[in-house]
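Following the hints, position chains B, C and D against chain A.
Number of protein chains: 4
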Amino acid sequence: MKETARVETFSDGVFAIAVTLLVLDLKVPSEPPLLAGLLAEWPVFVAYVISFTFILIMWINHHWMFQHIVRIDSQFMLLNGVLLLGITVVPFPTNLLAQYVLTSEQNVAAAVYSGWFFFIAIFFNLLWRYAAHEGRLLSPHDREAGLAQVITARYRWGPVSYFAAFALAFVWAPASLALNVLLAIYYVVPRERAIRLPGRPASPSQ
Amino acid sequence: MKETARVETFSDGVFAIAVTLLVLDLKVPSEPPLLAGLLAEWPVFVAYVISFTFILIMWINHHWMFQHIVRIDSQFMLLNGVLLLGITVVPFPTNLLAQYVLTSEQNVAAAVYSGWFFFIAIFFNLLWRYAAHEGRLLSPHDREAGLAQVITARYRWGPVSYFAAFALAFVWAPASLALNVLLAIYYVVPRERAIRLPGRPASPSQ
Amino acid sequence: MKETARVETFSDGVFAIAVTLLVLDLKVPSEPPLLAGLLAEWPVFVAYVISFTFILIMWINHHWMFQHIVRIDSQFMLLNGVLLLGITVVPFPTNLLAQYVLTSEQNVAAAVYSGWFFFIAIFFNLLWRYAAHEGRLLSPHDREAGLAQVITARYRWGPVSYFAAFALAFVWAPASLALNVLLAIYYVVPRERAIRLPGRPASPSQ
Amino acid sequence: MKETARVETFSDGVFAIAVTLLVLDLKVPSEPPLLAGLLAEWPVFVAYVISFTFILIMWINHHWMFQHIVRIDSQFMLLNGVLLLGITVVPFPTNLLAQYVLTSEQNVAAAVYSGWFFFIAIFFNLLWRYAAHEGRLLSPHDREAGLAQVITARYRWGPVSYFAAFALAFVWAPASLALNVLLAIYYVVPRERAIRLPGRPASPSQ
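Chains as they are written, first to last, in the numbering used here: chain A, 1 to 206; chain B, 1 to 206; chain C, 1 to 206; chain D, 1 to 206.
Don't take each hint at face value.
[Said to hold, decoys possible] Derived DEER-like restraints, expressed as beta-carbon distance ranges: (1) L102(C) x L126(D): 29 to 35 angstroms; (2) R136(A) x A175(D): 37 to 43 angstroms; (3) T152(A) x T152(C): 57 to 63 angstroms; (4) F45(A) x S30(C): 30 to 36 angstroms; (5) A167(D) x S30(C): 25 to 31 angstroms; (6) Y186(D) x R136(C): 50 to 56 angstroms; (7) R156(D) x T152(C): 41 to 47 angstroms; (8) H133(D) x H133(A): 36 to 42 angstroms.
No lab work stands behind these hints: they were computed from the structure. Just so it is clear, the structure is predicted and the values come from calculations on it, not from any experiment. We put the beta carbon where it would ideally sit given N, CA and C, even for glycine.
Next up, chain A with everything else stripped away, as it sits in the complex:
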């Protein structure tokens, strides 16, 4: 069995639970009229979809990262754990944002929100750099292919961009949130093409 199997199982469990617990925030309207009650709940539904999608995107990134990692050690497990802590908390700033985005506190709410993703971006970087430093935990194949540099370069912009979103929150909250959405799209869409093509054959027997 791959040495990383249990770290992946544990991480998958945490991602899966974080994403599923979100449903506890959806409340059936307690009084008629039902349709009006549902419509009034729209910020909760939007927060649900956003939290779900962002955690999903982080899971996909976590997945791709672990495609290149073949060994683990205690420090790596600790760093991975701190990243998971960041991910399990995501529903909290999201709900906070849903509740305060239409109030005069929207700057604080957007700052907490972007600030949290800034924290997560830092730990994604630390985790990857720890694994990739001199090819420490990578497969020999990836070590040679120079793949580490490609991914490192790609991740580098995360903290910078999320810090920009954080700073922007104090100036104009909507722009900060828009930047968050753009970053989410950036981190899901072109990843595969950028990373997998040079590194390894895409054969079915992989």
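Then chains B, C and D, alone, in the frame of chain A:
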């Protein structure tokens, strides 16, 4: 390890949690008489069994679909994620239905309920079609066996039927719910016979 | 990969969540004195330990059963799902018992409790018999070794005994609960010795 | 498949859920001012980070322990289950501590907290000793390498130290808590170096 392993682990986790969180809706009657209190809770118990069974049937379908899928990419993981979003939400329309089915709002409740399964049916189709398009993510064996067409044809009726249930909800809610139950039975019972026989040997060493 | 892998992952997930969700019932005393508040909560703690232990024992039995099963089909997954439904609900009758065991409603509470395990015992039997019927889903080795008969005989007493506990609840609740504890002990202790020795070598390479 | 696979999956699930359920304790402030509301919640955030980190460290230890275990039996699964019970409960004494650490009840709170880790330390020892006794469940390689003695010696100090923290709680609560933090650090940092170097090659193909 099969390339889809982590997607399956993650999905299994989400299904397992979605199905287990349902128990949080069961409340011990706070006052005697106990038996009367339990009997009065019957809609909650019925909703529990229905939610559990429907999620279970979707898990079984998800399982069979992944029997034919041997590769993944980011788009596939995103589509699978949206399907999982649909599944984690199932307890919400179910509770909504349990609470309003005996009131004058039963049409809205049944429409939300069937509408949600319509959404899920669409994403089951998209997920499968993305994987099966020109055999993109299938095993070579299944690609040749023409299995993809059989399954595609089978799934095609899902969205149509659930849309019918959705439309029916505005006319006569009980008929809409009955159609939902029939569809659940259809999607669990004859699946295996229809799909597995032509495609692959049923040997123990599979 | 073993064909049953995903059923086991899904089942493990359900067991793991069922057992962990129990902690949500433990409440920190909201007012001092702290020690007195903790001591007053003792029925909740006892219910916690009992629920946890009984689900754990059922998981161990589920694990051993799957040691002998090498194939699956849709019917088997459905039966397994109904068994899992039974297991996820266990916290409910347990809390109900904790709340009513010291009241005049103890007979109803003990009957619900034992009745639920009667239901679970029936589905453990159905699941095993479906798998073992003419060796349907067993490994060829186990099929030949006559192991199926040993296990079938062992499980047979479950429903009978739990029905006795159910009936006893109406007469004398403490005796019914004592019988439940005895049955739990019976189903964990000698299982391995009874079943594994005749069937297969205990080699590390198993 | 490794015989311990399902025990690990189940355990990983329990750890992952225990760690993720913690987020349910984080509450969005219901009234402005938002920033003041968040700052006032600091003991909840500290409790969150501590619970998460301690469960994470126990998971890492559990992981390393299972690196050496290649067989299982029912007794082992029961002992592992009791250890998991201990771990799932961790959020309870942590919340209790968060709520009472700044009150006159801090001694009771710190005693409950350290006492619980004393219990967990005992079961970590029992689990390992059961597995390592005459090399019962270890791989032949580890059995020969004398690794069991190293680990046994290492674990031995756990119960003693946590009992000291428990006793200290009645005298001076802050010292007791400081000892808990020290022990957590001890059990994560040098573990790998102490245990892995003598036992086995650190080759990628491990």
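Mind listing which of the numbered hints don't hold for this structure, in increasing order? none
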